[in-house]
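Enquirer: Construct the complete structure from the given sequences, taking the supplied hints into account.
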Amino acid sequence: MDKFRMIFQFFQSNQESFMNGICGIMALASTQMYSAFDFNCPCLPLYNMAYGLGILLVPPFILFLLGFVLNNNISMLAEEWRRPQGQRGKDPAVLRYMFCSMAQRAMIAPAVWVSVTLLDGKCITCAFCTSVPVETLGNASHLLLSQGEIQRVLARIPCKEIYNGQELIANEVAVRYLRCISQALGWCFVLLMTTLAFLVRSLRPCFSQAAFLKSRYWSHYIDIERKLFDETCAEHAKSFAKVCIQQFFEGMSTDLVAARCHLPRKTSEDAGEASKKLLGITDQSTMNMALKSWHRCKPPLHLHPPALPSGNGWAGEGQPPLQPSTPRRETAAYYSLV
Amino acid sequence: MDRFRMIFQYFHSNSESVMNGICGLLALASVKMYTCFDFSCPCLPQYNMAYGLGIMFVPPVILFLCGLILNRQSLVMLDEWRRPQGHRKKDLAVIRYMCSSIVQRAMVAPVIWIIVALLDGKCLICAFSGSMDPEKFVGFANVTPVQVEQLLAKVPCKDDELMRNNTSRKAVSRYLRCWSQALGWSILLILIIAAFLARCLRPCFNQATLLQARHWSNYIDIEQKIFEETCCEHSRLFAHQCILHFFESMQQEIKLHNFNLPREGERDEGEEDLLRGITGQDQVNKLLKTWYYEKPPLDVSQATQR
Chain A
1 MDKFRMIFQF FQSNQESFMN GICGIMALAS TQMYSAFDFN CPCLPLYNMA
51 YGLGILLVPP FILFLLGFVL NNNISMLAEE WRRPQGQRGK DPAVLRYMFC
101 SMAQRAMIAP AVWVSVTLLD GKCITCAFCT SVPVETLGNA SHLLLSQGEI
151 QRVLARIPCK EIYNGQELIA NEVAVRYLRC ISQALGWCFV LLMTTLAFLV
201 RSLRPCFSQA AFLKSRYWSH YIDIERKLFD ETCAEHAKSF AKVCIQQFFE
251 GMSTDLVAAR CHLPRKTSED AGEASKKLLG ITDQSTMNMA LKSWHRCKPP
301 LHLHPPALPS GNGWAGEGQP PLQPSTPRRE TAAYYSLV
Chain B
1 MDRFRMIFQY FHSNSESVMN GICGLLALAS VKMYTCFDFS CPCLPQYNMA
51 YGLGIMFVPP VILFLCGLIL NRQSLVMLDE WRRPQGHRKK DLAVIRYMCS
101 SIVQRAMVAP VIWIIVALLD GKCLICAFSG SMDPEKFVGF ANVTPVQVEQ
151 LLAKVPCKDD ELMRNNTSRK AVSRYLRCWS QALGWSILLI LIIAAFLARC
201 LRPCFNQATL LQARHWSNYI DIEQKIFEET CCEHSRLFAH QCILHFFESM
251 QQEIKLHNFN LPREGERDEG EEDLLRGITG QDQVNKLLKT WYYEKPPLDV
301 SQATQR
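As given, the protein sequences belong to chains A and B, one line each in that order. Counting with full-length UniProt numbering, you get residues 1 to 338 for the letters of the first sequence. Counting with full-length UniProt numbering, you get residues 1 to 306 for the letters of the second sequence.
Hints in this document: simulated from the structure, not taken from any laboratory. You may find that some hints are simply not true.
Below, a sample of chain A positions facing chain B; criterion: calculated Cβ distance under 10 Å [as the list claims (entries may be wrong)]:
{"no.": "1", "residue": "P42"}
{"no.": "2", "residue": "D230"}
{"no.": "3", "residue": "L278"}
{"no.": "4", "residue": "T286"}
DSS-like mimics (lysine-lysine), calculated; alpha carbons at most 25 Å apart, straight line [what the hints assert, rightly or not]:
{"no.": "5", "chain 1": "A", "residue 1": "K292", "chain 2": "B", "residue 2": "K32"}
{"no.": "6", "chain 1": "B", "residue 1": "K225", "chain 2": "A", "residue 2": "K292"}
{"no.": "7", "chain 1": "A", "residue 1": "K242", "chain 2": "B", "residue 2": "K90"}
{"no.": "8", "chain 1": "B", "residue 1": "K32", "chain 2": "B", "residue 2": "K225"}
The C-beta atom is built at its ideal place from N, Cα and C for all residues, glycine as well.
Expert: Printed below as a string of structure tokens:
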């Protein structure tokens, strides 16, 4: 029981902190990805906007979905949503709570990417360089160029080495202007996100706090129950495998004794113990036969009743049968009060 | 039994996390390999495409195979697939589940290589610079076709004398890079959407069958590990018995040949027991020689019956 108490505490205390950790790592990864990514504005009129806005919006979407994919609770949520009702009612409030908590955590990395991108300025400079107000910042009437030519020249603003419109509008002026707007947008975005987070956290207790506590409890419960069920199945599989292999070796040694018609020798207690430890296999050919038999003819997934251990850990009395053909059925001895 | 229990706990708690850990390590190794690799485009018309696409696709195949090799479960799955039926029926759903989980984990590192290569852009610039339309770029418009081919092939090489300060080279390079990055992000987006949908929608289809398949695939893995552990333990005991038997038979042989007068009570009984009657240099030498030249048979049935 001690072992299970420790496990309960571990699951309870660490599930939230585990997800928070993943969230933090993804936020760091998003800044790292941005700095490692080599931003490369195409400097062509139609491509600039697509590229700039693409880099601003597509990676956050990817990070958002990644936040869901990495969260183990998503499959738990889907399972809980789709399961047949059975004998346990479904509570949509619990599902809503789970979804909201996952979505909130998944939003952090995209928000970090968008903030970093806006504060850096390269994306906005690339996307909106063709929309720079030439009349106010430069001299539009100086050169008589067609609209298309002007667009082509302006599109080269982010690429300093090929920029040839210095008379139209100075490169530094345009870049500074665009960067300023981009940083203003970036700070406004950060302010907005932080204000929203603050409001959500502080105003939530004002609305249906009791229902919120209930949903939170039952969503934790569903998570723990699922983990415990997996743990129990794994324990059962281990015990099952142990007994299966033991019975396999016993079966082999009984077969051998029957085949060789050994005259029963008088054995001392020590020899009996050694022989038992050796599982009745005491020479090379027997071992080879055992190994061959293990591959060619695996034992059935059906344990013989007399050999089952009486107290198998904590689940000896109530193991539900996993093979439908087991003749001896034992019913589970748990009574759920939920 | 305590030792077995500890080992069981280790095996269970760590088999999924070991596989995930290997998958993550391979992914990191693939990024590291790409950054360390010194990409060097040949800048020749026929070789560029082969080199560029080769670097893009051959290492992923290698990483995929490494992912399959390093995953212990692939051997377990193959064993389960190829074994004769015997007394135990085979369940195809279990084999399919194991196969899909192995392939999914093995695909992570190759996909990361391809995406990093596309986001970096060098591979695509090298492979497709020769296929660009020279009319679009000012510097290549008024040149003969043969020369244009040569020039375009040299675009990936920044340090070439012809290309060093050529603005058209930079334009071609930027254009191809932009497409390469767009392709990389699109592939990443599609994969993530597919992964998300797979995770969300899987419980809607055959969830009960999936739970069964997952349980039995885990069971097969544990059973194989326990069997190997049992065989190891058995071989240790077997070896112990075999060697004890060997020492006893040597001791008997020495007694027969040496006619040692038994000395009374001068030596400690415990020590004599440990020395097993081998108390002189030539006896030890004889024992070692016999161990090498005439290893005892693999049969301890008599030893255990004594």
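Enquirer: Sort out which numbered hints this structure fails and list those numbers smallest first.
Expert: 5 and 8
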